[in-house]
Amino acid sequence: MAPPPSPSLLSSAPPSLLSQPTEDMIAEGMCFSTQKACTAAMRTYAANHGMVVRLDSRSHGGAFLTYRCEGGAECRFKVTARRSKKEGQTGYVISTCNMQHNQCGRLAKLTSTQIRHDDGVIALIASDPTISARAIVEYVRRTKAAVLTENEAHRAKKKILDDLYGSIEDSFSKLHSLVEVWRAKNPTSIAECEFNAEGGFVRVFISHPYAARYSTDGQRVGGVDGAFLRHGKYKNIHMILVGRDGNSKNMILAIALCAKEDGDNCEWFFRSCLRAGVKINAMPLFSDRGSGIMSALETLSITTLRYCTRHILNNIRDNFKGRIPPDLTAVVYRIQGAQSFEEYDGILKTIELTHADIGAYIRNIKPDNWVLYTALRTCRLYGWRTTNFVESQNAAGVGPRHMLPFQFLDFYMTKFMKDACENREKLAQAWQDAGHRITEYARKTIDLASEEAAFCAVDQSQGGHLYVYDTRNNPVIRREVNIDARICSCTVYDQYGIPCKHFIAALNFLDRRTEKYDAVDTCYTVDAYASLYGSNQPRIQLVLPEELTINTSHRPPKLISKKGKKRERRLPSRGDTTLQVGKAKRTMKCSQCGQSGHNKRSCTS
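Just so you know, the sequence shown maps onto residues 1 to 605 in this note's numbering.
Rather than coming from a laboratory, the hints here were simulated on the basis of the structure. Check before you lean on any hint, since a few could be wrong.
Taking CB as the label site, the calculated pair distances span [as the list claims (entries may be wrong)]:
1) E169 / N319: 21 to 27 Å
2) M99 / S127: 34 to 40 Å
3) N48 / A430: 50 to 56 Å
4) R142 / T329: 37 to 43 Å
5) N281 / K600: 53 to 59 Å
6) T378 / N319: 58 to 64 Å
7) H436 / N281: 32 to 38 Å
8) N364 / S596: 58 to 64 Å
Restricting the straight-line Cα-Cα distance to at most 25 Å, the calculated cross-link-like pairs of lysine to aspartate or glutamate (DMTMM-like) are [unchecked claim]:
9) K78 / E28
10) K279 / E192
11) K260 / D345
We treat Cβ as the ideally placed atom computed from N, Cα and C, and that holds for glycine.
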């Protein structure tokens, strides 16, 4: 390492005041404009030389500052800075330096300011905005052999995210322009951004440019959910409508940002979805029983709502703590999967014998909104009975939920374009080149059912009317198949739109094996899949920076801080009388006896 410049060289020119440290160098004669700038320079030097330097408490501030190494009394490192007395000059000048550091073994202790501009840390946080402070601390310890507290790591993360995504004022000043330009370049997308008379942000909505095709080319089932954004300066609600394509993958149909998930905002969201061509009034719509969603759908006379079975199960657990039967999960899902009213009623009567209160709670939930038999032969649920596919999309979108609204919308606009291109020009094209008529998901499902069909026996009644038995069942269950009408008395074909083992066994019996790939729901065809993602349609176009205009009158919404601890949990759904929604509360556990509900300080054992 080169020795520091001599004081004589530094003193040959008038010292300049430094607002920020620019070099890893400390020498006599260096001058800093403030105590903070001087301390920052000392910390930078310490970090690069594997040491911890602090201000001596006996000479903190005032006329002079003394910095010492925390390595112990044997380390003689000492730097003194005195307040400048020169006319027209303020700040602190390094007066004496003893740079002899005996490598005392202490690791450098970094601050958030020091790692804020580190390329490695920036890349780490940019790749995963949800990364924990503990992971950042471990990364710094492993790569830099330095100490960083979790508090400092958290501060650095917030600063880096602000640097990456811009200021909150910039985000809202460009938001309206972003939506307007997007709508002009993608006319099939419904996009609107609302600000109040004072210029404060109210809400914003954008739909997928190909959303109108979903009602004919998708699985014709949807799910709606809301979640809090996680940016430190903007934590309003993100609403999302998700569908499923013919390859059984999520397709985001619409997103919105609003203040809260109340009736007014939910009604506005659903009306916008209808304007975008998504027929939520003609397809099953899965959701929790949130009061805002329920109120909005009732106002719009939409009767296709299906309750999430998992939310019902969680509400029962919360409402009847200490009285839950061990097989509750299996019982609730058996009730949901009942294929007739008699089966539904019989299971309920069984649970009412031992748990009358739980049985009454379940019976009070309208079966039309969640039990399978009410959908048979009327609408396809494609195997869905929870909002898991929607919430999985929210979980996958945790990264953008740390962004401000401008970056959040730009992220999803880019996702709309990339997903459509990937699925249309790569996946669908590969299937067509291979001569496939149906999607990979449908093909694999049919192949599995074909293996099961080998165990089935078939009796023909007349023409395309046959009776099929799975010979492995005891007792044998008879299923009736109508080939021409594409009907099987089991619920699999009816609900999934993919031939079941009974239907395939009947086709095999009639030597019509190849027809099994043509007997699928239209959403599983490669042509419908390509159409869903924009074949023969104008491409999706993104907004360029030079196309944006800044409106300084558009500002962030006013944030009113309430007294007490901030709550970030979702509002409880209807029927839930507790506030334990989402992640379960942490249960205290004693490290001495291993029992829950207390710690070792209050342990009596």
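Looking at the structure, which of the earlier hints fail to hold? As far as the earlier hints go, 1, 6, 8 and 11 are violated by this structure, in ascending order.
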